[in-house]
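Once you've looked at the hints, dock chain B against the given chain A.
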Amino acid sequence: MLDLFIAMVREEWRVHAVLFGPAMFALLPVLVGAMAFMGAFLVPVVDQALPAGDLASIVHVLFLLLGAMVGGFGLVGNEVMNRRFGQASFVAFAARTLPLSEQRIFAAFVAKDTVYYLVLWILPVIAGVALASPFIGLSTEAVLRLLLSLTLSFLSGLAGLFLLTTVWGRSRLAFGLLLLGATAAIGALLLATGGLPPYLPLVLYRGFSWSALAQTLAALGAAFAVSLLLFSPAPTGSERRHPDRFGVLYARLGRLPFPALASKDLLDLWRSGGGVGQVLFSLLIPLVLCWFLLSLLAPVLPSHGVLLLFSVLTGVLASTMFTWLTAFDTPGAYACLPVAVGDLIRSKLGLFALLHVVPVAIVLGAAVLAGGGEVGLPALAMMLGVSAWSVSVTVYLAGLSPNVLVYDPRVLVTYLAAVGLPVVGLVVLALVNPWLGLVALALLGPAHLLVRAAVRRWEAAENTIF
Amino acid sequence: MALVVEAKGLSKRYGETVAVDSLDLEVPEGALFGLLGPNGSGKSTTIRMLTGQTRPSAGTATVLGVDTAADPVEVRRRVGIIPEQETPPSFLTAAEYLRFVAAVRGFAGVEKAADWWFDFLDFGDKRDVLCKDLSRGTRQKLMFAQAFLHSPRLALIDEPLVNFDPIVQHQVKEFLVEYVEKGNTIFLSTHILEVAEEVCTGYAVLHRGRLFATGTPDELRQTGRHLPEVFLELVRQDRGHA
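For the protein sequence lines, the chains are A and B, in the order given.
Mapping of the first sequence onto this note's numbering: residues 1 to 466, in sequence order.
Mapping of the second sequence onto this note's numbering: residues 1 to 242, in sequence order.
Hint data in this document are derived by calculation from the structure and do not stem from the laboratory.
A portion of the hints provided could be inaccurate.
[Unchecked claim] Ranges of calculated distance between the beta carbons of each label pair, as one might list FRET restraints:
| id | chain 1 | residue 1 | chain 2 | residue 2 | range |
| --- | --- | --- | --- | --- | --- |
| 1 | B | Val177 | A | Glu239 | 30 to 36 Å |
| 2 | A | Ser238 | B | Asp122 | 55 to 61 Å |
| 3 | A | Ser171 | B | Glu111 | 35 to 41 Å |
From a predicted model like this one, the values you see are computed outputs, not experimental measurements.
Note that the Cβ used here is the ideal one computed from N, Cα and C, for glycine as well.
Looking at chain A on its own, in the form it has when it is part of the complex (with noise of 0.2 Å):
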């Protein structure tokens, strides 16, 4: 099992080393580090104008965001299983040639996918801010906790989202039961002492116990451990057998560009086990997470401050669905057809915005829950403006192949500029007075050139995906 594990941490290495250049790889946590040192400078300001404790709040939230938007991994745990791109063939399909079990090979891989993320992303952060913490008066003790309680955190939500997605994988009744439950109990709580559970791994930064470390490594082991018992891949051999849906479809696209190929990419999406799955997996849940991370920062913010920048953020997690529609694409699926880069990049944007049904959706919804109608506008227009800004971005800078930004510290590094610095720009505006959020529609002009230039980019470049 070790031997397992250490194998597909080489070969995880190995991709992205042959994709990358290993430097270029190595300096990715390097640049994740320089970055949270630089923004925990930030920290003694924010601190100040938020109330006494939030800051940490805000930040542990996050962390569990984080993981959330990592620990899908029931979603994926048939693709995982049965990885095989063209000639290369993944440890995880070829280890099933071994005397072990699926879920032993698949618990492999959660391991593998969980130290990375954590040497990548989490541990880098905290390396960062503990660098920082002579200059912004943090004690060692302090870094030490945020060290601990910050990985948990993350950890948290990677375990809590994995348990969601594998019993929504076995079965949507348990997982509508599963719900219901944890809110009836949660309601009970409320009812019962007038708060909510405490958050352990908070519990932890603001007073180390050994009590609430030995209970938080009990609830996360089992979360992972019942997650591992309910993984249940696809056997081999079995046939999914489905009615012909591609015609009906085709039809119903007609108006979009290149119907034939948004089709397939729908079918593809609905049929892998994403549709509502990634829908409430990547959006809503992590969605509701940050508008529980906005509302704690309400007494510093204007009013309708937590619905504009709340629409802001869906606008950039609106624009990683054209990842959902890049993710199942196989090398060679196309080699045999008049197809052309262009063509693909412009039907799966032609497909993209009619998926924004949902975050305009969502973002109505949160503007009447919240009681900010009359600003529903302005809303819509900059969810749709930094959606539109940051998938031009992705496509120019990554093609068809936009997981590339989460590990290329070039490409991250030229998004984050792009994307961030009319984001903050069109934040401040709108701060200033809502109505000024209509700017962001000013970006649907520079977001469509840019596509025309990625367009003009990715048909000049040695086609990958063929």
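What follows is chain B alone, placed relative to chain A:
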């Protein structure tokens, strides 16, 4: 006779590795042309360049009169292709995949053509199964069907028989011969020399990316030798010199 494939000095380099080295090739219309060679000799790279899937590092190629580097999409529109890997999209069923290919190609007669192929290659019982759940042999049948769905004048097919059982291999070989007899052209890449000797009207041998020999089975027959024998001898000689 008109040439349907013409390559001049066609080369492909991957860093220091030369996959195909200054290949000159001419394939006349109506030929069943075999591109032969051991594993790693550059056959698949040649097909990938001829079908615009990858750009040549040097040299030019025209397929049905179209420059493959200048207009790769037009080349793929005009020909049928079976790529090296049988990778139809995972989450479409076999029937949906053929509909998808027909829709992309703007081919109207998919219902009738698909039924014919399901029947001919005997996999109609798999039409509603997701491509990812099909066996390799059935995926290969599907790839074969998509390549000929629109009855192209020229088909470039890479190791098309490798996953088929002997019965299907026999059927497919007969199909290829009949297809060429109708005036179409087949560009077949294979390392199964017996197949090439049996069905091809002309062949070229690639070894280490270089064109090693060309000829026809008729010329071979006159020498009283068989293609596998000649091929092994040539390759061994070359390895001895290397």
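For each hint, the structure was consulted:
{"no.": "1", "hint": "B:Val177 to A:Glu239: 30 to 36 Å", "in the structure": "holds (33 Å)"}
{"no.": "2", "hint": "A:Ser238 to B:Asp122: 55 to 61 Å", "in the structure": "violated (22 Å)"}
{"no.": "3", "hint": "A:Ser171 to B:Glu111: 35 to 41 Å", "in the structure": "holds (38 Å)"}
When the structure is compared with the earlier hints, a violation turns up for hint 2 alone.
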